[in-house]
Amino acid sequence: MKGVPPPSIVEVRALKRRIDTGSHTVEILKGLDFTVPTGQFVAIMGASGSGKSTLLGLLAGLDTASEGAIVLDGVDITNLAEDALAQVRGRKIGFVFQSYQLIPTLTAEENVLLPHELAGGDAQGVTRARELLERVGLGARMDHYPVQLSGGEQQRVALARAFMTRPPILMADEPTGNLDTVNGRQILDLLLEMNQREHTTLVLVTHDHELAAYADRIITLRDGLIVSDVMKVAA
Amino acid sequence: MPRLSWKTAAKIAWREGRASSVKFFFVILAVAAGVGALTGVRGFAASFKQLLLKEARTLMAADVSVRQFLLPNAEQQAKLAEFEKQGILRTWITETVTMAATERMPDPLLVSVKAVDPSEYPFYGEVVLKPAGLLAAVLTADQVAVSEDLLLRLQMKLGDTIKVGGIDFRAAAIVEKEPDRMAGSLNVGPRLMMSRAGLERTNLLRFGSRAAQRLLFKLPPEVKGPPDAVNAAKVEKIRLELKSTFPEAMVIDFRETHPLITRGLTRSTTFLSLVSLIALIVGAIGVAMAIHSHVQQRLDSIAIMKCLGANSTQVMRIYLLQTLALGLLGGLLGVLFGALIQAAFPLLIARYFQIAPDFRIDPSSVAQGILIGLLATVLFTAVPLLAVRHIRPILILRRDMSETRLPWRERLRRQWPALLAGVLILLGMAGIAGWLAEGNWRDSARLGLFFVGGLAFSLLLLSGAAWLLLWLLRRFQQHVPFWFPSALRHGIANLYRPGNQAGAVLVALGVGVMFTLTVYLVQQQMIGQLAASAPPGMPNVFLIDIQDSQKDALVKLLKAQQGVTREPEIVPAVAIRLKTVNGKALDQLELKGFERRFLQTRTVTWYDTKPDFVEMVSGNWLAGPNDVLINEDAAKALKAKRGTALQFDAYGRTINVQVVGTFKIEQVRMGSGVEFIFRKDQLAGLPLNYFGGVRVKTSQVAALQRASYRQFPTISVINVADVLDIIQEVVDQIAVVVRFISGFAIVAGIIILASSIAGTRFRRIREVAILKTLGGTRRRIAAIFSVEFLVLGALAGLLGGGLATGFSYLLMSRFFEAELGASLLPVIVAIVGSALIANVAGWLASSRILAQRPLRILRDE
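Same order as they appear, the protein sequences are chains L and B.
This note's numbering puts the first residue of the first sequence at 1, with every later residue one more than the last.
This note's numbering puts the first residue of the second sequence at 236, with every later residue one more than the last.
It is worth saying that the hints were derived from the structure and are not from the lab.
There's no promise every hint is true.
[Stated by the list, open to error] Partner residues aside, some chain L positions facing chain B, computed with beta carbon under 8 Å:
(1) F34
(2) T35
(3) L62
(4) P104
(5) P115
(6) A119
(7) A123
(8) G125
(9) R128
(10) D173
(11) E174
(12) G177
(13) Y214
(14) I218
Just so you know, even glycine gets a beta-carbon here, dropped at the ideal spot from N, CA and C.
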């Protein structure tokens, strides 16, 4: 008997994104349609200029679509105002970026706490922040500033931060792009482990095939369109 | 509801601030410059006012004083005798001008004479003489005490004989200090003090004299109180009695500050406060620039915070807190500077104010200065703070693609908060300016609006001119041939690199240069204009105190003098008071503003036949015994016409006349301002005298003065050039003070420049690293930066100097109706000076940049 398909946590319909540079118009995304069921690990791949970072930006509510619609965990974010988008981001999305993007003037612990504070959280958050930092192996470096941490360590702080508010969706943009192989491996393992434990839906943008191999599903973009959408065959 | 707590915002603000401490330090200094000038000026004014109150008796040398320009009449004398019976002591001072000369310097000099009764004057304070001695012993009937500069001007020493009003006196001492000098009528120019007996010898004080008369009163002490205590109610009663006895006089008592001094103090405080405000605004612009560049450098942090759920308002908290901290720290440091300025003020004005207030900090001036500093800083920073709204979180992922171009209407709509902020800034500045101005709220509001209007206009003009200059520079740069020295090319190109705030720095520095140079140019031009050529047709030598018996002989002498190019103009004059118009007393006529001059004694004139220069506007010339003519303006003010009955009081005599016509006299003539023409017989028995003017070749003025003095020693012959010297002295002194304060605007501008350069420190360090890697020597790199600083400073000097020339031209032609002579030197000095100062400031702000090792910098990328 066929199982009931899990509900969609991300829905994209006829999504387009154009940029007017003044001299001409560039169509970065030319009409995308797909959904992501809850709990799935999706890798979005494509060459440089394929539109994958643009797609991630739109899905994360960091950018505004020219046409089409995006629904995140039941909320249509297509035409939301910036402050409303900020709220959605704070509640529903965790971020991991290629260049870590920690606040340089906050310690590791304070960086991890930030999303919790922005979501109006209470003092309990401190306990969780410390647990997360322990989990990523930085229990002894909580009061260090980003400038005092190596690249790998900074990305681990960013990981801890991403999971702080238990967001339903995690979005990562080339999370190992700035790291060497050893550190990159560590980060990937941590990411996957925490993803499984926290039951998040993971949307990962990468050009690294090895990284993408871990995903449940690979969506490939070329010239602003989806050219392949492949589910990994269950072992 | 997502929130970035104030605590976290403060934490981020503090840590970010520490990281940018050099840049922020400069900005704090810039704010401190403005607040310092403001608190210094107002603190000094407050303590000076305190001093005026505390030392009121000494400054008046009495408990009560009465001052008028008439000798007391019989009725007034009788009243004074009654006061004596009440135990009120009285002494009399006369102040006038006359001519003085010596054997060695026969060219007579115009001097101020003060005649006192040395046995009683002063009631409070003391006159300090050199050599030290009692005033009563020195000022005998044939001795005088003189000011030091009088000795110099007449090339004499103590013990020599000086001729005053034709009578010989011995100069027995130098007057170093007089307690009531500030309360006197004439306290500029060479001075001479004599006894009343001496004055009588000179015959300067005649019936009808218009010299300043001051009656000083010392009230009897309260029986039960301390020796100096006086009954306040008694003072008030006496004061009211004096006011009714001497209706034309200024009556002051020790409970108030001297109104003339206070008025002067109030006006100068307002003016200097506004000048300080300009300096503060420059500082506030600097804070706005620093916050703007700071926000630009923090784009990533701001974007990530927005990613994580913070909204714009919450992010703005961080930078608002930084702004408040900068404003407050600048204010507090400014208070310290202000204390130094307050201590320096007495030195600046020592020439005219022989007493200085005790140094004390006025808490309300301090609080006001800090508050205004904070307010100005926050207002100006509103615009860069609002820009935080436009930082989009997508910057995290992509910064290179330009955005969708919005239609201009949409762009304008999005800018409305910034436009609103601009309006608030203007209103806020107007409010602050109004608050600093003394006076009723209407006057303050009007002044505030004028100030902000002028400032906004100047800033717009400066910004436009700065933009144009930079654009021209860029165009020049694009067409410059390759062989043009590379240090020059790179240095100039640095001015419009991204993140360089050259435009804003030009405006900040340009404001101070423009203001200071405008004051300087107007001051130079004004005196120069007046001195260079009296308007054609105007006399350049005035003669006063000519008696009826001397008139004909004087005219004969003048005509016979060499260099007299035209007929001398001698105008008859007597001072009488208008009492009623058509039976109605003057105070019932609702006279407003300048019309109220008719409440005082006015100079009237007489002619038996109509002179050519009197033009009849309506009616007929004088015919009947009770006819009088009235000038056009006076007729309008008093609503008088043909048939109006006027009653005058002249030295106790009543004169009733009727208007038969109105007249006007050409502006350039002596006596053109006279308002009534009588017949001579109507004024018989009154103290009639004459004043006049003559046009003489400049080289012959001294000879004319000598000749007139020999024959008529009581007639004062005033060379306009001498008067201008005195005016110049006063104007110079004022200008020094104004330039001192406006200098703070320049200081603030230079600090802004240094701050802006410090703000691009990291970029410069990177540049130095790359240039060194590519083969650049330290010398070459230094040349590039020096060119950048020198050109920036020179442009600011050019901007400020050019606009100053424009403004001073406008002021001179509009208000003084004078032509502006071309004066390039000050502008050149401004350009060169600004360039050099900018270079020094720039290098101070770029310390140790050249010493950085390239590899370390490049590796950190």
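Evaluation of the provided hints:
1. The interface hint given for F34/L is violated, since its Cβ lies 20 Å from the closest Cβ of chain B, which is over the 8 Å cut-off.
2. Hint status for T35/L: violated, given a least beta-carbon distance of 22 Å to chain B, over 8 Å.
3. For the restraint placing L62/L at the interface with chain B, the shortest Cβ-Cβ distance is roughly 5 Å, inside the 8 Å limit, so the hint holds.
4. The interface hint given for P104/L is met, as the beta carbon of that residue sits about 7 Å from the closest beta carbon of chain B, less than 8 Å.
5. Look at P115/L: its Cβ gets to within about 5 Å of chain B, closer than 8 Å, so that hint holds up.
6. Because the smallest distance between the Cβ of A119/L and any Cβ of chain B comes to about 6 Å, under 8 Å, the interface hint for this residue holds.
7. Taking 8 Å as the C-beta contact cut-off toward chain B, the hint placing A123/L at the interface is violated, the least distance being around 12 Å.
8. A cut of 8 Å between beta carbons decides the hint on G125/L: the least distance to chain B is about 12 Å, and the hint is violated.
9. Hint status for R128/L: violated, given a least beta-carbon distance of 16 Å to chain B, over 8 Å.
10. Annotation: D173/L was flagged as interfacial toward chain B, and the flag holds, the nearest CB pair being 6 Å apart, inside 8 Å.
11. Annotation: E174/L was flagged as interfacial toward chain B, and the flag is violated, the nearest CB pair being 10 Å apart, outside 8 Å.
12. At its closest, the beta carbon of G177/L sits 12 Å from a beta carbon of chain B; the interface hint therefore is violated under the 8 Å criterion.
13. Hint status for Y214/L: violated, given a least beta-carbon distance of 22 Å to chain B, over 8 Å.
14. Interface restraint check: I218/L against chain B, minimum CB-CB distance 20 Å, threshold 8 Å, status violated.
Consistency note: the structure conflicts with the earlier hints numbered 1, 2, 7, 8, 9, 11, 12, 13, 14.
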